[in-house]
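Using the hints provided, position chain B relative to the given structure of chain A.
Number of protein chains: 2
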Amino acid sequence: MKDLAAEREELFRLDQAWARAAAARDVEGSLSFWAEDARVVPPGQPALVGKDAIRGYVSAALAMPGFSIQWRTADFVVSASGDMAYGFGTNTVTVDGPDGKPLAERGRALTVWRKDPGGTWRCVVDIWNAEPAAAAGRGL
Amino acid sequence: MKDLAAEREELFRLDQAWARAAAARDVEGSLSFWAEDARVVPPGQPALVGKDAIRGYVSAALAMPGFSIQWRTADFVVSASGDMAYGFGTNTVTVDGPDGKPLAERGRALTVWRKDPGGTWRCVVDIWNAEPAAAAGRGL
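Line by line, the protein sequences give chains A and B. Under this note's numbering, think of the first position of the first sequence as 244, with each following residue one higher. Under this note's numbering, think of the first position of the second sequence as 244, with each following residue one higher.
Bound conformation, chain A alone (with noise of 0.2 Å):
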């Protein structure tokens, strides 16, 4: 019987540790979180399918001018036999706008997860939409 409380518990551990890394512009600690054959999403873009597209995507987010990415995942959900997992909640990409002012797009996310055959867990789906352009909640 797999203890799956623990297992949500390690994958928001995870998940603050890559949050973590991201806010630290740390391109190498932010890819370890994905699987080698992970697909990333974003909106109006091109999916990045594998770890090499995906580091071309991450360099050129951390290069931009003002670029920053904050998270919360609500919640995570493990399959019964703890190998997969998922988790949704929200984010918000800011960037410097064309005035040099700060533009922040807020979004949902949803994310899936594979335990490896190491015994960690790597993302291997991620994918987001904007939420609505002046959305009195938020919540996904």
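No wet-lab data here; the hints were simulated from the structure. Treat each hint with caution, since some may be false.
Treat identical chains as interchangeable: a pair holds within one or across any two.
Said to hold, decoys possible - The calculated lysine to any residue pairs, modelled on SDA-like cross-linking and capped at a C-alpha distance of 25 Å, are:
hint	residue 1	residue 2
1	K294	Q313
2	K294	P375
3	K344	S275
Just chain B now, kept in the frame of chain A:
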């Protein structure tokens, strides 16, 4: 030992039946593929949580002039326990534009599925976003 290949086939079968229900503008038929607590997260619109909220969204969509939706799930991946799965693929939503001509928006979708206590797979999370405006290729 779960027969995961059979589960994957069943997911493809359900997904195709779901697409036929949507094409037939069958609101209750379409709704039957989501779990009671499902989340639907349309780009730029509020997230819908639960069957009642989703019913309102689907009814409104199907009533839009010229509305149609097609999708193709590229693959389903099933957890070892056969209780959780995800599918990714592409979709096209068409509505009549202001000039009455059909406007198509192409997107990339991720769905998460859960097997309910009765043994039926239901979609629990459904999120998509737009592909690049001038996409040369497609694919999630």
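Flag every earlier hint the structure violates by its number, smallest first.
Violated hint (a single one): 3; every other hint is consistent with the structure.
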